[in-house]
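Put chains R and V with the ligands on the given structure of chain A with help from the hints.
Taken in order, these protein sequences are the chains called A, R and V. The first sequence begins at 1 in our numbering and counts up one residue at a time. The second sequence begins at 1 in our numbering and counts up one residue at a time. The third sequence begins at 1 in our numbering and counts up one residue at a time.
The set of hints was computed from the structure by calculation and includes no laboratory data. Just so it is clear, the structure is predicted and the values come from calculations on it, not from any experiment. Wrong hints could be hidden among the right ones.
In silico lysine-lysine, DSS-like type, Cα no more than 25 Å apart, as pairs [what the hints assert, rightly or not]:
#, chain 1, residue 1, chain 2, residue 2
1, A, Lys268, A, Lys53
2, R, Lys470, V, Lys120
3, A, Lys146, A, Lys157
4, A, Lys306, A, Lys332
5, V, Lys117, R, Lys475
6, A, Lys46, R, Lys331
7, R, Lys384, V, Lys25
8, A, Lys239, A, Lys314
9, V, Lys120, R, Lys386
10, V, Lys142, R, Lys475
11, A, Lys157, A, Lys46
12, A, Lys146, R, Lys475
13, V, Lys120, R, Lys18
14, V, Lys25, R, Lys16
15, V, Lys18, R, Lys16
16, R, Lys145, A, Lys147
17, A, Lys165, R, Lys145
18, R, Lys475, V, Lys107
Read off the chains here:
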Amino acid sequence: MRTNLLKRLTAALAMGVFALGIGGGVAVAKTDLLVYTSIEADELAKFKNAFEKDYPDINIKWVRDSTGIMGAKLLAEKDNPRADIVYGMAATVLLQLIPYNYFQAYAPKGVEKLNPLYVDPKNNPPLWVGQRAYVAAVCYNTIEGKKANLPIPKTWKDLTKPVYKGHVIMPNPGSSGTAYLDVSSWIQMWGEEGAFKFMDALHKNISRYTHSGSKPCKLAAAGEIPIGVSFAYRVVKSKAAGAPLVLITPEEGLGWEVEAMAIVRNTKNLAAARALADWTISRKSMELHAPGYAEVALPGIPNPVKDFPDVGGKMIKNDFAWAGANKARIVKKWTARYDAKSEPRKKK
Amino acid sequence: MTDGPQAVVIEAPLVKPKVGRENWVMRAGLAVIGVYLLVAVVFPLYTILSKSFQDSRGLFVGLDNYAEYFATPALFYSINNSLTVSVISMVITVGLAFGYAYGLTRSCIPGKGVFKAIALIPILAPSLLPAISLRYLFGAQGMIKGLLMGETIYGPIGIVIGEVFWTFPHALLIIFTALSLSDARLYEAAEALGASKLRTFFTVTLPGAKYGLISACFVVFTLVITDFGVPKVIGGGYNVLAVDIYKQVVGQRNFQMGAVVGLVLLAPALLAFVADRMIQGKQVALLSARAVPYEPKPDRRFDLAMLAFCGTVAFVIIGILAVAQFAALVKFWPYNLSLVLDSYQFDLMDGGSWGAFWNSLKMAAWTAVIGTAVIFTGAYLVEKSKGFEHGRGLIQLMCMIPLAVPGIVLGLAYIFFFNAVGNPLGFIYHTLIILVLCTITHFYTVSHLTAATALKQMDAEFEAVSSSLKVPFYKTFVRVTVPVCIPAILDISIYLFVNAMTTVSAVIFLYSADTQLASVAVLNMDDAGDTAPAAAMGMMIVYTSATVRLLHFLLTRGIARRTQAWRKR
Amino acid sequence: METDTSAAAGEARPPYLKVENVTKKFGDFTAIKDICLEVFESEFVCFLGPSGCGKTTLLRAIAGLDIQTHGRIEQAGRDISNLPPTERDFGIVFQSYALFPNLTVFKNVAYGLENRKTAKADIAARVDELLQLVGMPDQGPKYPAQLSGGQQQRVALARALATSPGLLLLDEPLSALDAKVRVRLRHEIKELQRKLGVTTIMVTHDQEEALTMADRIVVMNEGVIDQVGTPLEIYRRPASPFVADFIGAMNFLSAVAGGDGTVRIDGVGLSAIECVCVQDEGTAVTLCLRPEDIVTRGVESGAPNAFEATVADLEFLGSFYRASLTAKGVENTRFQADFSVNLVRDLGIEAGKTLTVAFPADRIRVFADS
Ligand SMILES: Nc1ncnc2c1ncn2[C@@H]1O[C@H](COP(=O)(O)OP(=O)(O)O)[C@@H](O)[C@H]1O
Ligand SMILES: [Mg+2]
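Here chain A stands alone, though its shape is the one from the complex (with noise of 0.2 Å):
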């Protein structure tokens, strides 16, 4: 009676984990290919359409989050990768991840026409090869900026003048890589002492920080605050939704991260994840990555967005290692300077 009851039971329960699917996909003749990327969400299926349908044997399954999100999930699964390739992510990412052998070596097809900068250049063959660049900009709301009267700053300096005091927003570098990406190239542009005395100035003016890089971009299209400290992507994004933005590149230079790709230490679809890396360093796909980015990594492909700022000569000489080496100590110190008293302060 018993046995029957829980035969029966077993039964009912595998039956409808069947019918629900619960025990994860169905088997495709085609590779599945699990891909952990940061890339903004509106261009995945764009990459993912163009690359199937050059390799119709290969299905992309993206695992899309937060540069931050993907970042601690890459680290947690460090023991026991399950990424096959991790594509479009900060190249910062990439590097905290490398000295747990997390990546395997591969010089996709073509890697020699790339610019340089954007290619692993302690490994040959390199573990890791960049797909384009995305860099700190400014963004200003017009009708906002208007209301309260703000002249339209040019340069970072302009942003600790007093008529800004409680009208901007940045990013807090201890939650965001964009933010981060700020501070360290102040740093790497004025030194050290410099870079601080300047957000000394800056942190009188800013209304508060944001824990997501974005945000402060989005903040200012929705007309929260006039000025946002972010970068251009989003910008690009938020005005042809329609939001009255304008971009900003600094003069004095701007701050810039590499999105980059690197194939997984252990993964089963070895095939699939180089012909991946080939296809992305294809000139064809280095025009889909072009779109509202500074710059890609095969040399000589404009940007199609009308009235992109040309920031290639404002992007200061980035020095990645010196910027991953020195972050956990940056981060501190902005932490204990302007975090620690992070009380929200009246909107005068």
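Structure of chains R and V with the ligands alone, referenced to chain A:
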């Protein structure tokens, strides 16, 4: 001793009870539940919390991380901030919930069912939804930002409003139950003695609801202090412990420090929990007396006042949701206020898709079904089995831990444990199963307490009677215990379902390509700047949960009808 | 102490249930200690004692629901000391009835039968028979919640008897009922037990219940048995001041032993036939006497054990009067006496009146003070 005046006491041999077949089944059941909890709760948490004693390469460093952490001044701001918002939210929530519950139980206001249903809505909403509403209401472009008199919503004010909105239903349910249990005879006595309404309130109502109020305080406090959703999206630069974990883990990928904060956060939550358990222990005797339910009598002025109060609270709740729905339809806030349905085309949106919505539905359904079965059976075995005091105590403790664990810690713990090389359960990683397992664990405690309460109310002798009739306990479990506890079982399953639909913090680390979830999509769409689709998806979750709740209500009523012959009312 | 464990002197048949040196501890707390008891076939035994004295604990040990820490239990010649309840042979009824609320009366009664793979028709016949037996024919389709407390307890009884157990255990079965129902059900249960001849143990804290229902009463106090005996024995010859106090009304008077079977209360000398233990002269003792045993009609002064007493107070209790008396000259010796309504009328007893009363020597119990 031997030649002393006392008789020599020769200890008779101990009787060693024979373990019958039934006992073996019961032991096996307890063992299964014990192992389940070890696997789902203890081992994963151990893998992450042990990191607080390691450096980034996994070497043991003792208390170094703690020393470093406690040397950081930011910590004290966070602890202070966490306690501040938790206590303020607790006071406001419990105060409002008490007034609301008082209106529902002690006055003759019309539409009590509707009022109660409205009050429970916030549970159905992902925490981002009220945050979006608050921005539209009180942000720089807010519709009614003048109410804040120059204060910013991005900070403690926003956190408190968001937390009050979110925890209100939890507090209301507890206090409502406590007030419903009050004994009418006490009120009659007070009236007979000529006590004024106010005096009756302080001498009868408040003492009667005391335990419920205290319990509600602790629940709200724990929920607020461990929540990171609301402070993350609306807290601005106001640091609280749960957000510190987020910053350490997600911002800086420093798991060691994240674990340290996680353990720091466990302390107040566990303390609150232990205190609550101790007080609850005293309550049992209080309620065992046979009470006569209180029937309120009409009193025009008082009823009008209560109607105004409950109406205001309900209006605010509905209002916040209405704003979220409005946000979902606005083309581009605040510059283009035309209403469109574009936001519902999730497949065209960043990060969200209808697929994610169906996944969420599937995940929530499984969580409800499996979770209810596991949790109820587990609670039954713990409550009704004999012997193994220590083992049962341990199991009970394991059931309580999840309440105090922030979701983000749980999610990472699941990666560390289930993705470990050589874990035979590794195959569930990246499947819906791990999402279901994690979500069940995340909401285990409250479900377990609900089940235990229901089981405690059952006659303690059912098992004794059935064994005297030589019917094994598991048959009685199926034939009697489960049918009698159906209301509680349905409550648990709806609780699990609704929370599975809205949960983010734990599952955000665990979903994979085929198992994206609607609640995560809400977060990601908002992150991508697509506030309207985020709100739209958020409202989809609300409507789904509301529909399921409605079905649950109809089902419960149907069952109540069918079983009213034997169910005492 | 008189701990007569056999039903009657010279009982020859072997006991049906034998409890030997049973002790039950809950942690450090000893709930029952070294209990020895024999129960004979078809006997109705009551465990009587104040709440918390260990009655339920002993009953549950016999049932195997909470197995004793030490000691041995034998039922029908079989050692059942360590068996789980499912392997024992008993039916049980609780104060709470513990009826399954979601099952009909019929299903409740049939619960144990269904598990035995009895044929459906046989089950139905047996259930009908049992419901008939407990006076509830035709109530089968009802649910417990639709029945009164008394009816529910009858169903519980029928359910316990359904499988024809060798031993029926009742734990305060009547305590939750109204006084009237309780009295009626008392008789019904007793009647049923007699008819079926099932060996029965009932736990109660109600002395009246025990006195009216039991063949033998086991009086318990603080985890030990104080006395075992027929209701009459227990009432007439309580073995300890505790038993004396617990059952019926009793006067307790401080006295001093005279050493020769006599006792003295403040100068009044009394002889007692049943001086439980011979007391050395001068030992402080307590004298016990039930109010209804005090006589005054036809007592002459100078008669044995007679003395003068003044009525301090007279309380009308319906079928009799209870008088508070003080012995003449010794105002601090107060005791109570029950006088019939007739007697009070005949002798014109009222407050302030002085009477000659006698303590019958054969009704006095004397216990050494400890
Ligand atoms: N499970 C238990 N754990 C601890 N103490 C108990 C337990 N059951 C009973 N006791 C204690 O044992 C004593 C006897 O209890 P019980 O047998 O129920 O008394 P009775 O039935 O005579 O009223 C009481 O002091 C009671 O508190
Ligand atoms: Mg008892």
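Structure-based check of all given hints:
Between Lys268 of chain A and Lys53 of chain A the CA atoms are separated by roughly 22 Å; this keeps the pair inside 25 Å, and the hint holds. The hinted pair formed by Lys470 of chain R and Lys120 of chain V meets the criterion: a straight-line CA distance of about 18 Å does not exceed 25 Å. Simply put, Lys146 of chain A and Lys157 of chain A have alpha-carbon atoms about 20 Å apart, close enough for the 25 Å limit, and the pair holds. Our distance criterion of 25 Å between C-alpha atoms is broken by Lys306 of chain A and Lys332 of chain A, whose separation comes to about 40 Å.
Distance restraint check for Lys117 of chain V and Lys475 of chain R: the Cα-Cα separation of roughly 14 Å lies within the 25 Å cut-off, and the hinted pair is therefore satisfied. The straight-line distance between the Cα atoms of Lys46 of chain A and Lys331 of chain R is roughly 24 Å, inside the 25 Å bound, and the hint therefore holds. A C-alpha spacing of about 20 Å is found between Lys384 of chain R and Lys25 of chain V, which places the hinted pair at or below 25 Å, so the restraint holds. At most 25 Å may separate the alpha-carbon atoms for a hinted pair to count; Lys239 of chain A and Lys314 of chain A meet this at roughly 22 Å.
Distance restraint check for Lys120 of chain V and Lys386 of chain R: the Cα-Cα separation of roughly 33 Å exceeds the 25 Å cut-off, and the hinted pair is therefore not satisfied. The hinted pair formed by Lys142 of chain V and Lys475 of chain R meets the criterion: a straight-line CA distance of about 22 Å does not exceed 25 Å. A hinted pair counts as satisfied when its Cα atoms are at most 25 Å apart, and Lys157 of chain A with Lys46 of chain A does not qualify at roughly 38 Å. With a CA separation close to 76 Å, the supplied pair Lys146 of chain A and Lys475 of chain R exceeds the 25 Å bound.
This hinted pair does not check out: Lys120 of chain V and Lys18 of chain R have alpha carbons roughly 33 Å apart, beyond 25 Å. A C-alpha spacing of about 14 Å is found between Lys25 of chain V and Lys16 of chain R, which places the hinted pair at or below 25 Å, so the restraint holds. Restraint check for Lys18 of chain V and Lys16 of chain R: satisfied, since their Cα atoms lie roughly 18 Å apart, inside the 25 Å limit. A hinted pair counts as satisfied when its Cα atoms are at most 25 Å apart, and Lys145 of chain R with Lys147 of chain A qualifies at roughly 17 Å.
At most 25 Å may separate the alpha-carbon atoms for a hinted pair to count; Lys165 of chain A and Lys145 of chain R meet this at roughly 20 Å. The straight-line distance between the Cα atoms of Lys475 of chain R and Lys107 of chain V is roughly 14 Å, inside the 25 Å bound, and the hint therefore holds.
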